[in-house]
Amino acid sequence: MLLFKLKDYSRNFFRGIYILRTVFIYYAINRMAKSKFGHYFVPAAYKRNSIILSSQERLRIMIEKLGPTFVKFGQILADRSDLVSEAMRDELRKLHSNVSPISNEIAFEIIETELGGPITNYFSYVDPVCIGSASIGQVYKAILKTGELVVIKIQRPDISEKIKVDIRLLHYIAFKLGNELQTLKSVDLPQMVNEFGEALTQELNYFNEAANTVRFAELFKNSDLCYIPKVFSQYTTEKLIVLEFIDGVIVKNREQLISNNLNPEIVAEKGLKTFTKMILEHGFFHRPTRW
223 MLLFKLKDYS RNFFRGIYIL RTVFIYYAIN RMAKSKFGHY FVPAAYKRNS
273 IILSSQERLR IMIEKLGPTF VKFGQILADR SDLVSEAMRD ELRKLHSNVS
323 PISNEIAFEI IETELGGPIT NYFSYVDPVC IGSASIGQVY KAILKTGELV
373 VIKIQRPDIS EKIKVDIRLL HYIAFKLGNE LQTLKSVDLP QMVNEFGEAL
423 TQELNYFNEA ANTVRFAELF KNSDLCYIPK VFSQYTTEKL IVLEFIDGVI
473 VKNREQLISN NLNPEIVAEK GLKTFTKMIL EHGFFHRPTR W
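Just so we're on the same page, this note's numbering is the position in the sequence shown counted from 1, plus 222.
Fair warning: there could be bad hints in the mix.
[Said to hold, decoys possible] With a Cα cut of at most 27 Å, we get these calculated DSS-like pairs of lysine-lysine:
| id | residue 1 | residue 2 |
| --- | --- | --- |
| 1 | Lys384 | Lys287 |
| 2 | Lys452 | Lys386 |
| 3 | Lys269 | Lys258 |
| 4 | Lys495 | Lys443 |
| 5 | Lys367 | Lys386 |
| 6 | Lys495 | Lys452 |
| 7 | Lys474 | Lys492 |
| 8 | Lys452 | Lys474 |
| 9 | Lys367 | Lys452 |
| 10 | Lys367 | Lys316 |
| 11 | Lys492 | Lys316 |
| 12 | Lys269 | Lys287 |
| 13 | Lys316 | Lys386 |
| 14 | Lys363 | Lys452 |
| 15 | Lys269 | Lys256 |
| 16 | Lys452 | Lys499 |
| 17 | Lys367 | Lys384 |
| 18 | Lys386 | Lys443 |
| 19 | Lys287 | Lys256 |
| 20 | Lys269 | Lys363 |
| 21 | Lys316 | Lys443 |
| 22 | Lys258 | Lys316 |
| 23 | Lys287 | Lys443 |
| 24 | Lys499 | Lys474 |
| 25 | Lys269 | Lys316 |
| 26 | Lys443 | Lys384 |
| 27 | Lys363 | Lys443 |
| 28 | Lys316 | Lys384 |
| 29 | Lys287 | Lys316 |
Quick caveat, the hints were computed from the structure, so don't treat them as lab data.
All chains should be modelled from the sequences, with the hints used to inform the complete structure.
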């Protein structure tokens, strides 16, 4: 028992050191970027064509370095126009899909471990090019042995333990800030972190996503407002989910919608009706988790 506690304390300590170091580097580069002579010493990694990256880009880089838990915070902020500027939201939206993918070797090993056998036992083809990678999951296009075109979403290795450590550290930081900063006295920061941690823990179990998707599909089976991808439950585990592949257009890309003969106003109207029907009529809210 003592050995496990020491291992846990060691993990928290080194993770905390890494977070502090990363944040310190971010602030140091910010100071250098604003200095009359300091900008000459900004590392090349924070420049593009010899021009220092914007503060929004630098923040996004820092969040990516801090890992999945912080990336999820950034993703939430990207949806909060009441808290951050549009320029910052545009940069934070890149966190949704611009996270470096794990190698195919590791990814395919995860698929085989979760399914309990070689990939060829279940899929006639798996595209080696990852089509999406984010804080928790990574996605591949594939064809089942039965011929259906699907996507395979896997969970990054050891991500659960990393997130648990981050949540504990975030809770400690939130507790300290809540007690020491007068401006935050009216905000229950530890509770906010608790709620975030609970939601993130739920997202780590792909059975929850599968169940929600199936329920959502049942509620809207006779509706022309939206289309819900089929869940292949027989290939779904806690760390892997297989869904029907749907080729679509990102809703926020107005130009792409128009070029595909889709009316942005009608798309927006149907989206609004879907959300209001989901919440007010069915009392059930489900937003597909980001990769």
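Hints versus structure:
Between Lys384 and Lys287 the alpha-carbon distance is near 13 Å, which keeps this suggested pair within the 27 Å criterion. Taken as a hint, the Lys452 and Lys386 pair is broken in the structure, with Cα atoms around 31 Å apart against an allowance of 27 Å. At roughly 16 Å between alpha-carbon atoms, Lys269 and Lys258 fall within 27 Å of each other, so this suggested pair holds. Using a Cα cut-off of 27 Å, the hinted pair Lys495 and Lys443 holds, with the two alpha carbons roughly 15 Å apart.
Between the alpha carbons of Lys367 and Lys386 the distance comes to roughly 37 Å, so the proposed pair goes past 27 Å and is violated. Between the alpha carbons of Lys495 and Lys452 the distance comes to roughly 22 Å, so the proposed pair stays at or under 27 Å and holds. The straight-line distance between the Cα atoms of Lys474 and Lys492 is roughly 14 Å, inside the 27 Å bound, and the hint therefore holds. Between Lys452 and Lys474, the direct Cα distance comes to roughly 24 Å. Compliance with the 27 Å bound is thereby established for this hinted pair.
Only pairs whose Cα atoms come within 27 Å are accepted, and Lys367 paired with Lys452 is accepted, the gap being roughly 16 Å. Among the hinted pairs, Lys367 with Lys316 is inconsistent with the structure: their alpha-carbon atoms are about 34 Å apart, more than 27 Å. Of the pairs offered as hints, the one joining Lys492 and Lys316 holds, with about 25 Å between alpha carbons and a cut-off of 27 Å not exceeded. Our distance criterion of 27 Å between C-alpha atoms is met by Lys269 and Lys287, whose separation comes to about 17 Å.
Taking the CA atoms of Lys316 and Lys386, the gap is about 24 Å. The hint holds against a cut of 27 Å. A C-alpha spacing of about 15 Å is found between Lys363 and Lys452, which places the hinted pair at or below 27 Å, so the restraint holds. Of the supplied pair hints, the one linking Lys269 and Lys256 holds, its CA atoms being roughly 14 Å apart against a limit of 27 Å. Between the alpha carbons of Lys452 and Lys499 the distance comes to roughly 21 Å, so the proposed pair stays at or under 27 Å and holds.
For the given pair, Lys367 sits about 35 Å from Lys384 by alpha-carbon distance, which is inconsistent with the 27 Å threshold. The straight-line distance between the Cα atoms of Lys386 and Lys443 is roughly 37 Å, outside the 27 Å bound, and the hint therefore fails. About 22 Å separates the Cα atoms of Lys287 and Lys256, which keeps this hinted pair within 27 Å; it holds. For a cut-off of 27 Å, the pair hint linking Lys269 to Lys363 is broken: about 34 Å separates their Cα positions.
Taking the CA atoms of Lys316 and Lys443, the gap is about 32 Å. The hint is violated against a cut of 27 Å. Proposed proximity of Lys258 and Lys316 is contradicted: the alpha carbons are some 30 Å apart, above 27 Å. For the hint pairing Lys287 with Lys443, the CA-to-CA distance comes to about 41 Å; that exceeds 27 Å, so the pair is violated. Of the pairs offered as hints, the one joining Lys499 and Lys474 holds, with about 21 Å between alpha carbons and a cut-off of 27 Å not exceeded.
For the hint linking Lys269 to Lys316, the alpha-carbon distance of about 18 Å falls within 27 Å, and the restraint holds. Under the criterion of a C-alpha separation no larger than 27 Å, the hint pairing Lys443 with Lys384 is inconsistent with the structure, at around 38 Å. Between Lys363 and Lys443 the alpha-carbon distance is near 25 Å, which keeps this suggested pair within the 27 Å criterion. With a CA separation close to 22 Å, the supplied pair Lys316 and Lys384 stays within the 27 Å bound.
A threshold of 27 Å between alpha carbons decides the hint, and for Lys287 with Lys316 the separation of about 14 Å falls inside it, so the pair holds.
Taken one by one, the earlier hints fail for this structure at numbers 2, 5, 10, 17, 18, 20, 21, 22, 23, 26, listed in ascending order.
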